[in-house]
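Here the structure of chain A is known, so what remains is to put chain B in place on it, guided by the hints.
Protein sequence lines correspond, in order, to chains A and B.
If you're matching positions, the first sequence starts at 1378 in the working numbering and goes up one per residue.
If you're matching positions, the second sequence starts at 26 in the working numbering and goes up one per residue.
If you're looking for bench data, these hints aren't it; they were derived computationally from the structure.
For glycine and all other residues, C-beta sits at the position ideal for the given N, C-alpha and C.
Just so you know, not all the hints are guaranteed correct.
[Stated by the list, open to error] Partner residues aside, some chain A positions facing chain B, computed with beta carbon under 7 Å:
| hint | residue |
| --- | --- |
| 1 | H1411 |
| 2 | F1418 |
| 3 | P1419 |
| 4 | V1434 |
| 5 | F1452 |
| 6 | V1455 |
| 7 | Q1456 |
| 8 | G1457 |
[As the list claims (entries may be wrong)] Simulated pairs of lysine-lysine, DSBU-like, Cα-Cα distance not exceeding 35 Å:
| hint | chain 1 | residue 1 | chain 2 | residue 2 |
| --- | --- | --- | --- | --- |
| 9 | A | K1425 | B | K87 |
| 10 | B | K156 | A | K1389 |
| 11 | A | K1389 | B | K149 |
| 12 | A | K1420 | B | K102 |
| 13 | A | K1417 | B | K156 |
| 14 | A | K1389 | B | K87 |
| 15 | B | K102 | A | K1417 |
[Claimed, not checked] Which stretches of chain B does chain A cover? Using the computed rule of at least three CB atoms under 8 Å from a CB of chain A, they are:
| hint | region |
| --- | --- |
| 16 | 30-41 |
| 17 | 113-125 |
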Amino acid sequence: MEISVHFYSYLKELTGCARTVETLAADTTVGVLHDQLMEKFPKLTAMKKSTLISVGVEYQPRDYVLHDGEEVSLFPPVQGG
Amino acid sequence: MLNTSLVNRHLTITTEPIDEGALLCARTMSVGMGAVVYFLGVVRGNEDGKTISAIEYEAFEKMVTHQFNVLFAEMEKRWPIESVRLVHRIGVVKVNEPSLWVEVIAPHRGEAFAACQWLIDGMKRVVPIWKKPVA
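Chain A on its own, in the form it takes in the complex (with noise of 0.2 Å):
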């Protein structure tokens, strides 16, 4: 399946582009796309921890389960005010 991903703020930075599309095993989950991000995009890991991670227009956890045509997005510690 294929999965579009979103990067926001100083994490477009960290990888040099604002939008990906990986393409991903069936069933795979928020953390196994997350893991795969760090691996093409390597600085990303330094923000692992921080990093917040939504569905759409929801916030999901690591063990949601993907589906095809979802789109993700990435991005930090949110900061408005």
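For chain B alone, kept in the frame of chain A given last:
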């Protein structure tokens, strides 16, 4: 998230300056309401000990709208709110200019203050907006 609330909710994410006068003119409240609390967040001239000229705000807008609506719904469960209006600027906001305007209307001041504080705390926890200082 569908807004099925009877509460007056207004959320604006904008690159335009916040027009406080227009917002105050647009205020509506019923005769049962006794408290209006509003808060203005203003860009400070220093960030982490360094002088700055502005802050650039970035937002994941679709998720911002959803997460604010989740917060509004929870706030309405906790307090008897009649109205909540929130404006957040994105893009470059100069020092001394407001980046955030929030207004909560409730029957009594305790509820209005508590709800407004809770909403801003919630925003800083879950709403995907980020800031980048501009030298």
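Exercise for the section: Could you tell me which of the numbered hints above are not met by this structure, giving the numbers in increasing order? Expected result: 1, 2, 3, 12, 15, 16
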